[in-house]
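J.: Sequence:
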Amino acid sequence: MKYTVIFMIILIFTSFTISAEAFRCKNEPIGRWDTKDKVLKYCGKPIKTGHKKVFYKGTYVYAETFYYNCGDNDFIYAVFFYDNIVIKEEPKERGSGVGQCK
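Sequential numbering from 1331 applies to the sequence shown in my numbering.
Any given hint could turn out to be false.
Stated by the list, open to error - List time: in silico DSS-like cross-link candidates among lysine-lysine, alpha-carbon distance up to 30 Å:
1) LYS1356 with LYS1368
2) LYS1332 with LYS1375
3) LYS1356 with LYS1366
4) LYS1432 with LYS1378
5) LYS1356 with LYS1332
6) LYS1332 with LYS1387
These are computed hints drawn from the structure, not numbers from a lab.
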């Protein structure tokens, strides 16, 4: 019983760690609630920008979208901003060439 409880505690704590496969720029994880300034500071200029309708807080909003090519063996990530805050980031397709995320 004691070992089961210890195992469950370890399992719970390890489930909250940031994945090593998460979107990162210069070893800095980028995710929800980060500011646009932080993303630009660590990731630099995106390869493409635009606006896209996304679901956020129970409704659809037009989010500013930055695309970053993380290179071979990684993805092109879309980072969605609403009011200059990251609301979503997702891999879109396989990246190519030298990445801008390292």
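J.: Now tell me if each hint is right for this structure.
T.: Verification of the supplied hints:
no.	hint	verdict
1	LYS1356 with LYS1368	11 Å, holds
2	LYS1332 with LYS1375	52 Å, violated
3	LYS1356 with LYS1366	16 Å, holds
4	LYS1432 with LYS1378	18 Å, holds
5	LYS1356 with LYS1332	42 Å, violated
6	LYS1332 with LYS1387	42 Å, violated
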